[in-house]
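One line per chain: the protein sequences are P and F, in this order.
Residue 58 in this note's numbering is what sits at position 58 of the first sequence, and the numbering runs on without skipping anything.
Residue 364 in this note's numbering is what sits at position 364 of the second sequence, and the numbering runs on without skipping anything.
Keep in mind that the hints are not guaranteed to be accurate.
Unchecked claim - Straight-line C-alpha distance at most 35 angstroms; calculated DSBU-like pairs for lysine-lysine:
1. Lys56/P to Lys46/F
2. Lys707/F to Lys739/F
3. Lys46/F to Lys85/P
The hints are simulated quantities; they were obtained by calculation from the structure and are not laboratory data.
Read off the chains here:
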Amino acid sequence: MKGKNLGEFEEIVLLAIASLLDDAYSVSITDRIADVTGRKTKLGMVHAVLNRLEEKGYIASELGDPTRERGGRRKRFFQISKSGKVALLQAKAQRDKFWETIPSIVFRDLQ
Amino acid sequence: MTRFISWYCHPKYAEDLLGDLEEYYRRNLEVGRNRADFIYFLDAVKFMRPYLVRKVKLNNRMTNLNLVANYLKTAVRSIRRNQLFSGINLVGLGISMTVCLLMIAYVAELLSYDDFHSKRDRIYRVTNYYHNLTGDSFNGLFASTSLLVGKKLQEEVTGLEEVVIIRRNFSDDIRKGDNAVNITGYYTENQFWDIFSFELIQGNPETSLSHPESLVLSQSAAKKLFGDKNPIGEIVEGRDNNYTVTGVMRDVPYNSHMQFEALVPFHKLESEKQVEGDANFISWRSMWTNYVYFLLPEGGQIESIESSLAQLASVENAKTDRFAIDLGIENINEIVPGASRSNEIGPNFEWIIVYLLSGLTFIVMLSACFNYTNLSIARSLRRSKEVGVRKVVGANRGQITFQFLTEAVVIASCSLMVAWLLYFFVKGHFMAVFPMGAMHLDASWSTLVASVVFAIVMGLLAGIVPSLLLSRIPPIAILRDVSSRKIFRGVSLRRVLIVFQLCLSVAFVIATATTYRQHDYAINFDLGFRTEDIVNVSLQGNDPEVLKSALEQVPEISNISTSSMVMSTGSAWSETFTYKDPLDSASLWVNHVDRAFTTLHDFNFLAGGTFLRDLGEGDSSKYIIIDALTLNRFNMGTPEEAIGQKLTLSERGVKRRYEITGVIDEFQYSRIDWDTEPAVFLQGEVDQFRFLNLSVETQDPLGLMVKIEKMYRSIDDLHPLQAEFYDERINNAYQDFSKSFQIFSFLSVLAISIAMMGFLGIAVFTMETRMKEISVRKILGATEKQLVLLLSKGFLKMIVIAVSIATPLTYLLFSQVILEGISHRAPLGADILSSGGLVILFSALPIVIWQTLRTARTNPAETLRND
């Protein structure tokens, strides 16, 4: 997580935001992560990561309209920023590079 | 929980977070309400992470400080504007603060005891705990110990820097030329100067008490004897021997737990006792008048001394099965104030007194703080607009709170000045009233500082509730509609506070009445013998026969008897007697008297009469007069049958037999705190007599006293005459009742005035807020009488509630706790119990009537015109 590199969970959160398009707010993000990865995801963790990502400038947020299910409170919607997209792509590129160097023979016993 | 989050959470994140939690909560509701609640709670706590938590605003504090000047200005203005309220607060807080100042000074004085000893951390005293293993007699902690302990510590125990033995009760009449004074002090040793920081001005500390004839005098005693001459080396005459003055020391400070005018060598007394062959002198049990102090070396281990003492005690205790003595140690700083001990070497102040006084002070103070709280809440209506404007302009809640607290502290500080003024007025009275003996109450810097801190605390305490209430007001509600008075919910709280104050007043009034009645009861108690027109003269070592023949020349004195003590005034003397069965022994109260005693005091004889004849020279006494209770104790049958029987007194192994010559009705030998118990009169020998009892007839008691004094002077020119009427002596004996009566009346006046001031404030406020209502009622045709009744109903209700709470509680407190140990009690009648309620009612009624009438009489047009 040091420097410009994304942490593993940060990356997942970013991916979730990207995939949710305009509907990305804390609860939906948490749900999406739980769906895709199948691991137990805590709201508190997501919150902390969202906050950190916003500080790093990878995501931006704006408040929506008040909703009933939140007791009249507004949702905070997140959108991935340009530097966020760059960081994601960078991470993907790094991984791809690794994949290219791995001969398929390594995974032979699993296939 | 929501409020909890909003409190800690940074406002930027709060809404988001709360929304999330809410959503989750709803989701969890499907599982179950409790579970959802629980998860919500857990999450709320878990979200307390650094990045979410609200930053403490440092710059806010700075602005607050800048605003202090403004707050002070506002405070002064609002104090000036509301003179009645401010006045009530100022006087109320001022009075109660005076009491607190007295207490602070007193407690500070107690705590300063023995602080002048430079080695005080290392000075210890040996204490004794005496267990009587044979039965009923006294067990307890003693400040004194046996000489044996001192000797063993000096000779056998290592690890001590110095050990000194002090024995009290040195007293002699010292003469130098024409000057004569009676001097009291201690027998002690040279180490005394090494351990304690008493200052020897002249003389050598190494040798001042080495010579058997040496005498160290205090500066003032030396001045009385020698004037301005140098006393060192001078020889003075004592009663039986001469002394050489070897030292002069600075007078003992008042805050020393030892008080003495002179020191004489202990080894002289010791060698005298050895010559007499008094084995009892150094025995393990003879622990009543000796004190052992020791100085621990720097870095020394107190535990090793404790174990040596425990070992010493177990060795000595093994030698007897009649009693056991545990040895203990206490630091010199633990002596005053300290635990409850018998045979204290000097004045004794117990912690319990400190606690008791602090408790009472705290209650009085609380009561005054309540006044402030009450009145400020009452006034908050008027100031709500100010708060609204301040808030709109941008003040936050903390600032408003701070502002009102400042105001409270300002008032408290002004009260402190009032209190210091009052302090110097009442100090003298206070010292006279208090039963605790010597008090100085000098205002020192430390008490001054303590009082300032105290005033600030008091201000904060009094101001906290109103300032929180005021700062909570939402500005819009105020500014939009001033009449929306529902914002203030402090009404019931205020009533509770007022009722509390009234309760206190009721309790103090009842306490005053009770102690007064008890005192009255005590001095008018029928003791079973005559005490009117009897003067008791203390012999002070003079020959009773010589003094008697001198006093017989005074014509007003019709009869004279002698006795060893004055009964029913606190002192007591007992001996163990047996009747026919030598195993059935009983402890009886004893007075040694002469033949004339029973006749002079009009004792009622059931059978027989006084001693058959006077004691001749060399006779040993052998007659006894017993009372009806003794008769029953030994089952002697009828009074007539008892005459001529013999009682045996065993004293230190010697048995003496006394023949009963008379049986009297039962009478009260001791103070009325104790039961009426069996008592006897023994025919006393000359050296047992301490008092002459004069039966007098006079219209002019003062003139008589002058005559007695003249006669006394002709016999004894050294001691001032000690004589007083029996009734007066009884009166003095029950001083503790009269003192507590005085204290309680002081407290009741205080409590009542504070409560009434609060009451007045609330009355004024209520009337003002109901003015409009009253005006409308008046226009609709209500008469003045109806209005007064209507208005006073609420106040009367409070009084009734207070009385019905406080009266039974006080009754229980007195009957079950305070008067518990007193055998003969004045009945707590309805008149006493109702006194509390009546006093409160009569103090409160004028206020209520005055205020209600004032309101009821206002012209309704004037009130309503302005709206």
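Hint check:
1. Lys56/P to Lys46/F: holds (23 angstroms)
2. Lys707/F to Lys739/F: Given pair Lys707/F, Lys739/F holds - Cα atoms ~32 angstroms apart, limit 35 angstroms.
3. Lys46/F to Lys85/P: holds (31 angstroms)
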